[in-house]
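Can you build the whole structure from these sequences, using the hints too?
Residue numbers for the sequence shown, in this note's numbering: 252 to 528.
Mixed in with the good hints there might be a few duds.
[What the hints assert, rightly or not] Cut-off 20 Å, straight-line C-alpha distance, at most; resulting in silico cross-link-like pairs (EDC-like, lysine to aspartate or glutamate):
#1 K525 - D507
#2 K525 - E503
#3 K516 - E503
#4 K525 - D511
[To be verified] Label pairs and their calculated CB-CB ranges:
#5 N329 - V418: 33 to 43 Å
#6 A447 - G397: 52 to 62 Å
#7 H396 - S356: 17 to 27 Å
#8 A420 - T523: 33 to 43 Å
#9 E426 - V406: 15 to 25 Å
#10 R487 - A447: 15 to 25 Å
#11 M416 - Y378: 12 to 22 Å
#12 A420 - Y378: 33 to 43 Å
#13 A345 - V324: 18 to 28 Å
#14 L490 - T393: 46 to 56 Å
#15 K525 - V465: 19 to 29 Å
Just so you know, the hints here were simulated from the structure itself, not pulled from any lab data. For every residue, glycine included, the Cβ atom is placed at its ideal position computed from N, Cα and C.
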Amino acid sequence: MTAQEHGVANEGVEGEKAVLERHENFAQRLAELREQATALLAELERRTEPQVPEEQGTAARSVAPPATGSPVVAGASNTAADTTYLDSGAPNGALYVTGDARGVSGVARTGPGLHGLSYRDNGVFGYAAPTSSGAGVRGESTAGHGVYGYTDSGVGTLGVGVRGMGVLAFSQGREALNAYSVEGSGVVAGTNSGSAAAVLAENSSGSPGGVAVVALGQSGTGLYASGGQAAIQLGRSALTGPPTSGFHVAGELVLDAGADLYLCKVTGSPGTWKLVA
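Right, here's the structure in full:
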């Protein structure tokens with residue numbers, strides 16, 4: 252064998268060795284991938300057992316969470332010992348979730364179920380589509396406050412209505428709206444309309460004893476009224492003279508159809524009335 256032929260033979264041997272090494276590396280890598288796939292399948296099978304969202308059982312909490320850095324698995328319950336952060340510079344947000352029923356559900360054992368923080372905008376923003384009759388943000392509670400608003404210096408709760416009501420309060424058995432202030436006014440109402448009222452109260456019970464407005468001054472004045480046009484205006488009755496039927500309480504004032512003012516002096520049916528002016 253000549254030297255040239257010997258060199259060609261050596262090159263062939265070296266090439267075969269390189270091919271064998273590549274095959275061995277490929278086989279080793281394939282074995283590693285199979286082990287990772289097997290571990291992932293085992294993890295998926297472990298997480299397929301449903302868990303109660305409000306409060307997971309002791310057995311579920313006792314399972315050691317996966318190590319930090321493990322991937323989030325879609326369609327399965329994910330548990331982690333550390334907080335998972337999503338950071339994105341996109342204007343549409345770091346995470347976008349859609350669902351046929353609920354988009355996002357948040358459950359917590361001791362803290363807030365859902366916490367929103369923004370440095371320059373709203374902490375939590377809720378929007379209901381124009382075709383929906385739902386609320387942009389709805390709060391419910393079995394014993395506490397359904398919605399709680401707090402601020403150090405601004406407005407605790409702000410309601411704005413462009414064509415509808417700014418704030419609507421409804422209650423079945425208690426006060427629909429309860430306002431209290433330590434140093435300021437409990438309720439401040441205003442309007443720029445020349446025909447509407449800043450405060451409108453109506454008792455639609457149909458009962459003669461129903462009262463639309465009750466003002467209690469405790470040690471002070473129960474009701475103070477002032478106005479450039481008049482301090483107070485009484486609505487006229489359709490009848491002339493004092494009431495002649497029904498139960499009336501001492502202190503009632505009635506302005507009859509002729510603008511004569513009567514004061515009830517003695518409680519009764521129809522009570523004892525005196526012409527004031």
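Are the Cα atoms of K516 and E503 separated by 20 Å or less? Given that 20 Å is the threshold and the Cα spacing comes to 8 Å, the pair holds.
May I ask you to test the hint 12 to 22 Å on the CB atoms belonging to M416 and Y378? holds, 18 Å
Could one say that the CB atoms of A447 and G397 fall in the range 52 to 62 Å? For G397 against A447, whose Cβ atoms are near 29 Å apart, the range 52 to 62 Å is violated.
Quickly compare the C-alpha distance for K525 and D507 to 20 Å and report which way the hint goes. holds, 12 Å
Does the beta carbon distance between K525 and V465 stay inside 19 to 29 Å, or does it fall outside? Check passed, 25 Å falls within 19 to 29 Å.
Against the range 46 to 56 Å, how does the distance between the Cβ atoms of L490 and T393 compare: consistent or not? holds, 51 Å
Sort out whether D511 lies within 20 Å of K525, counting only the CA atoms. Distance of about 10 Å is within 20 Å: holds.
Confirm or reject the claim that A345 and V324 have a C-beta distance inside 18 to 28 Å. holds, 19 Å
Is 33 to 43 Å right for how far apart the beta carbons of A420 and T523 are? holds, 40 Å
Taking 33 to 43 Å as the hint, is the beta-carbon distance of A420 and Y378 inside that range? Cβ of A420 to Cβ of Y378: about 22 Å, so the range 33 to 43 Å is violated.
CA of K525 to CA of E503, is that 20 Å or under? Holds, because 11 Å separates the two Cα atoms, which is no more than 20 Å.
May I ask you to test the hint 15 to 25 Å on the CB atoms belonging to R487 and A447? holds, 21 Å
Consistency note: the structure conflicts with the earlier hints numbered 6 and 12.
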